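Single-letter residue listing:
2 protein chains.
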Amino acid sequence: MANLGPGRPRSEQRPRRGHTPRAEILDAAGELFTTNGYANTSTRAVADAVGIRQASLYHHFAAKDDILDALLAETIAAPFELAERLRADADPAPTRLYALAWFDVRQLCAARWNLGALYLLPELRTERFVAFRLRRDELRGHYETLAEAVIEGAGAAGIPGAEVLPFRLVETVISIRSDEGRAPTYAEQTIPDAALRMLGWAGDLEEARSDAALLLERLAAD
Amino acid sequence: MANLGPGRPRSEQRPRRGHTPRAEILDAAGELFTTNGYANTSTRAVADAVGIRQASLYHHFAAKDDILDALLAETIAAPFELAERLRADADPAPTRLYALAWFDVRQLCAARWNLGALYLLPELRTERFVAFRLRRDELRGHYETLAEAVIEGAGAAGIPGAEVLPFRLVETVISIRSDEGRAPTYAEQTIPDAALRMLGWAGDLEEARSDAALLLERLAAD
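Same order as they appear, the protein sequences are chains L and Y. According to UniProt numbering, the first sequence is numbered sequentially starting from 1. According to UniProt numbering, the second sequence is numbered sequentially starting from 1.
Derived from the structure by calculation, the hints contain no laboratory data. Each hint can be trusted.
Some, not all, of what chain Y presents toward chain L, calculated at C-beta under 10 Å:
hint, residue
1, Phe-33
2, Thr-34
3, Asn-114
4, Leu-121
5, Glu-123
6, Arg-125
7, Arg-133
8, Arg-140
9, Ala-162
10, Val-164
11, Val-173
12, Ile-174
13, Ile-176
14, Gly-181
15, Ala-194
16, Arg-197
Pairwise CB distance ranges (calculated):
hint, chain 1, residue 1, chain 2, residue 2, range
17, Y, Tyr-58, L, Gln-54, 29 to 39 Å
18, Y, Arg-87, L, Ser-56, 54 to 64 Å
19, Y, Arg-133, L, Thr-185, 16 to 26 Å
20, Y, Ala-78, L, Arg-53, 44 to 54 Å
21, Y, Gly-155, L, Gly-51, 51 to 61 Å
22, L, Gly-153, Y, Gly-203, 18 to 28 Å
23, Y, Glu-138, L, Gly-153, 32 to 42 Å
24, L, Arg-128, Y, Glu-84, 40 to 50 Å
25, L, Thr-20, Y, Arg-135, 43 to 53 Å
26, Y, Gly-141, L, Thr-185, 15 to 25 Å
27, Y, Ser-56, L, Tyr-186, 42 to 52 Å
28, Y, Gly-203, L, Asp-48, 54 to 64 Å
29, L, Ala-55, Y, His-59, 45 to 55 Å
Note that the structure is predicted; figures quoted are calculated from it, not measured. Where is the CB? At the ideal position from N, CA and C, for every residue including glycine.
Kindly generate the complete structure, drawing on both the sequences and the hints.
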């Protein structure tokens with residue numbers, strides 16, 4: 001196995017985040033996949049990093065790709081749930097798109113490992129990950145539906161095809177985080193602001209932001 | 001080695017793009033790295049795909065990471081050269097940023113393999129690739145300088161930090177191409193248009209596009 005990052009000492013206690021062995025396995029795998037690479041990481045290395053035996057790991061995950069699938073699912077679960085709830089919401093489209101982009105950027109920044117960096121793995125294009133790909137396509141679809149509504153409401157001559165861009169702009173957090181070595185917290189404002197502007201929306205961005213904050217609070221309280 | 005894509009038959013003739021053995025090696029490696037993965041590809045597999053012996057490959061590249069480095073350099077060489085020339089150009093900043101983004105999107109779409117997908121490899125964060133990373137940072141710096149000038153000229157209350165986004169937006173071509181399985185040629189217009197709009201530039205986009213086309217023609221003729 002190529003050792004690409006600084007070595008992490010194996011401690012006798014469990015140094016892992018998570019209250020369950022499953023969560024600890026995911027945390028260790030998230031670190032190894034993003035720092036040493038997916039292909040370079042064996043299930044044995046994951047078990048070692050958690051401080052459990054490989055047989056115990058197999059009790060939770062039958063194979064390495066099951067671990068990857070679970071990690072990938074985590075990256076979209078919360079924004080997906082929010083997007084589904086926003087569909088049924090009566091707030092204006094700019095407020096809803098702002099809320100979704102803000103929430104999604106925040107969770108991509110807050111995640112302990114930059115798991116979105118795994119989206120470009122060639123392994124993801126295999127049959128094994130078709131369910132994940134479809135789910136992420138659905139999330140992208142939610143973004144596009146909201147973006148189309150923003151463009152329609154903006155009235156101005158829009159940019160043809162711009163509805164695909166807010167989802168993509170949100171995911172640039174992954175590249176920024178990879179290049180800068182830390183989560184770009186400034187992006188929580190910059191990216192939702194820019195997403196509305198590039199759809200031709202000329203309204204007040206501070207208002208959009210405070211409306212989105214209220215909307216997110218309301219949904220969190222429901 | 002995991003076989004992740006459909007197998008490509010080894011032919012007796014050289015089926016590779018390129019007029020030199022070096023170019024053929026790069027083409028084969030570009031395919032294997034993007035379809036099977038970098039870690040999953042041996043120099044032996046690259047040599048086999050070209051139809052040469054491994055010893056002959058080593059005559060051109062001493063190690064696998066030298067092949068990766070050469071491929072990565074290719075992805076930024078042309079936009080980098082253009083960006084350097086645009087610095088000295090007297091055209092307005094929106095025209096120059098439009099030209100750079102358009103040219104860069106076009107080359108990312110036209111490249112035979114989606115090599116930008118390799119930017120997120122953990123291997124790139126090692127010492128070996130520091131020269132490439134610095135070079136790409138310089139390109140990003142050129143984008144940001146142009147974007148700052150566009151924001152300043154736009155006069156409107158800008159989005160704080162938006163100058164980092166045009167470079168990132170251009171590179172979303174890589175994710176789109178990976179997800180859609182083909183180059184998003186529509187992005188050649190959508191992305192430069194959106195880059196100007198998110199910087200608060202409210203001018204005529206068709207004019208920006210035709211000015212940028214003239215600028216690119218002029219520079220190509222020089």
